[in-house]
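J.: Sequence:
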Amino acid sequence: MRSAGITRPARVVPSHFSAGGSRLSTDVTDRAVASALPTRLRPADLLRLTDEGAEDVLAGRYDHLFPAGGVWPTENRWATRLLADDEVDVWLISWVPDRYTELHDHAGSLGALTVLSGALSEFRWNGRELRERTLSAGDQASFPLGWVHDVVRAPEPVVGAKDELGPMDPTLSVHAYSPPLTAMSYYEVTGHGTLRRTRTVLTDEPEPEPKPDTGTATGDLLSSNPGPATHTPKAM
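Residue numbers (our numbering): -7 to 228.
Worth flagging that the hints you see were computed from the coordinates, not collected in a lab.
Please read all numbers here as calculations on a predicted model, not as lab measurements.
Just so it is clear, CB atoms sit at the ideal spot from N, CA and C, and this is done for glycine as well.
Heads up, a few of these hints could be off.
[To be verified] What follows is a set of in silico ranges between Cβ atoms, one per label pair, in the way DEER data are often shown:
#, residue 1, residue 2, range
1, Arg188, Leu75, 28 to 38 Å
2, Pro59, Asp90, 17 to 27 Å
3, Gly119, Gly62, 26 to 36 Å
4, Gly183, Asp90, 19 to 29 Å
5, Val63, Thr182, 40 to 50 Å
6, Gly52, Pro149, 19 to 29 Å
Kindly produce the complete structure, drawing on both the sequences and the hints.
T.: Take a look at the structure:
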């Protein structure tokens, strides 16, 4: 899968060959960074895992996990877990129009994604405002600790756009979280341009159902707030 300038796995060029620094100093820095993280896996590792997961999905290795009859939901997001162990969870998510995740973080987990098909709009809080970017098929992004964002399926192009999602044109992405998700906090942007946490939920699923009276299981539909973020984002 290509990475289109969003972010690229560090494995492409070993860090000790970077200009302007010795291998020893780089190794010391790497160990210091790794010791401060809640997992031995780094963003580059998660990018690689999502890239490999995307390739496996495209190769048909997870077809048995797809929705019954191969019909992708058109009203709510759908997700299934591709891999789970003590270090990492890997998920496949199908996105539908106008279903925002709400502004959220991933608590003590690092994250990454690779877009398989279609495109996603991400609204990220940069400490002052929301910034928007589009992640298209083949693009990757990683999420360090403290990353707060809202994600939704990107609007269809005006020319040749379809009124409805068909069974052959889902917007799909593969996500990895390490350590596996245990909690997520949700936020809103205040009228003063600051970020305020509204709630924290315990969950082992990405973008869980926000309503506590409607639980979801692995592979079930994942609903989300249909409304966009309350603060107008600026394009990146």
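J.: All hints, please: hold or fail.
T.: So, going through the hints one by one against the coordinates:
1. Arg188 <-> Leu75: 28 to 38 Å: Cβ of Arg188 to Cβ of Leu75: about 35 Å, so the range 28 to 38 Å holds.
2. Pro59 <-> Asp90: 17 to 27 Å: 20 Å Cβ-Cβ, so the 17 to 27 Å window holds.
3. Gly119 <-> Gly62: 26 to 36 Å: violated (43 Å)
4. Gly183 <-> Asp90: 19 to 29 Å: Hint holds: Cβ distance 24 Å, inside 19 to 29 Å.
5. Val63 <-> Thr182: 40 to 50 Å: With Cβ atoms ~41 Å apart, the hint holds.
6. Gly52 <-> Pro149: 19 to 29 Å: holds (28 Å)
Against the hints set out earlier in the document, a violation occurs for number 3 only.
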